[in-house]
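For the sequence shown, our numbering assigns the number 339 to the last residue and increments by one with no breaks.
Careful: at least some of the hints might be erroneous.
Derived Cβ-Cβ restraints for the label pairs, each shown as a range [stated by the list, open to error]: (1) A186 <-> E130: 45 to 51 angstroms; (2) T215 <-> S4: 42 to 48 angstroms; (3) S4 <-> D248: 38 to 44 angstroms; (4) D253 <-> L210: 26 to 32 angstroms; (5) G319 <-> D154: 17 to 23 angstroms; (6) Q254 <-> A186: 22 to 28 angstroms; (7) A92 <-> G239: 23 to 29 angstroms; (8) R20 <-> S273: 25 to 31 angstroms; (9) A186 <-> G239: 14 to 20 angstroms; (10) G24 <-> P97: 45 to 51 angstroms; (11) F229 <-> R125: 39 to 45 angstroms; (12) T118 <-> F229: 15 to 21 angstroms; (13) N81 <-> Q254: 35 to 41 angstroms.
Because the hints were derived from the structure by calculation, they are not lab data. By construction, the Cβ of each residue, glycine as well, lies at the ideal position given by its N, Cα and C atoms.
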Amino acid sequence: MLTSMALAPDGQPFNLAELRNAQGMVVRFMDWGATWLSAQIPQTDGRFREALLSCGSPERYLQQSAYLGATVGRYANRIRNAYLSPLNCQLATNQGPHQLHGGPVGLSHRRWQQVSQTENTLVYRLHSAEGDQGFPGNLDIELTLTLNDDNRLDFSFSAHSDALTPLSLTNHAYFNLDGIQGDIRAHHLALYGSSFQPVDADGLPDGDCLPVADTAFDFRSPKALAQDFLADRYQQITGGYDHAFVVDPHEADQPVATLSAADGQLQMNLFSSEPALQLYTGNYLSGTPSPQGEYQNYQGIALEPGYRPDAANDTPLAGCWLPAGEIRQIRFGYHFISA
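Please construct the entire structure, taking both the sequences and the accompanying hints into account.
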């Protein structure tokens, strides 16, 4: 375990961890927010390509609100009016009257306990007490990170609560697979979801899910993000793509999305156990700290496994609800392939 000279909000140093595989791929994390800091991918020419946006140093992550690389929850995405109607439960607000990514002091703003590390595995744990950000139940989470020798990084969560509570955990990494991390809209994306969730200006559901066929949201065959960018009112409301897709049925070894660099030299396949995938094209990244200064809008893309926004208020109860005493497994992984 490495430590930073800088101090986190709890007055203690940030603790950093590095995983490395036989191919030379290196990923770095810190315990504050169980944050994914870096992914350096070996290229066929012997050089390395950084695949993630980074703030540059641990303390600069405290100066941004884009959730760069953070593990978010208890409920990733938005809950309307910060209210759980099935339990008549009011939550903490942090986006106007709504809740985003688990509240003002969600899991992204907490220190996770690093309990073990080997050369290619890292384990974090976190306890979230009854009433944390308004959520019911004492929740315990274990996150196991595994860097495989085929350049795949797997996230595996195991969580249980002593009361019925909604749960949607994800990682909010922003990817840019180009050697020089400029505008990501020249990246090509395939996303295997046949319907998407329209949203209002607050990012909350505006009507039922719609088929992607014959719309700008049809990524079932790969296309450049720029091809249909801002081509309809659904995107214009949010300044780009910031929408949940309902993932098509698939086997565990089938990717739910594939992202490719503009030059074709690096590809990332995303695997997920979760029913939805949030596509966010960095529409409001401007001003976020970067190693060189500040990022601009559309300089990174987030692909967040989880549930649709406000699914916690669906009737009947959505699968995001975790019954008391039940163990919930959430898994997703990122496989990087160099051309």
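Open item on the list: If you test the structure against every hint from before, which numbers come out violated?
Closed with: 12
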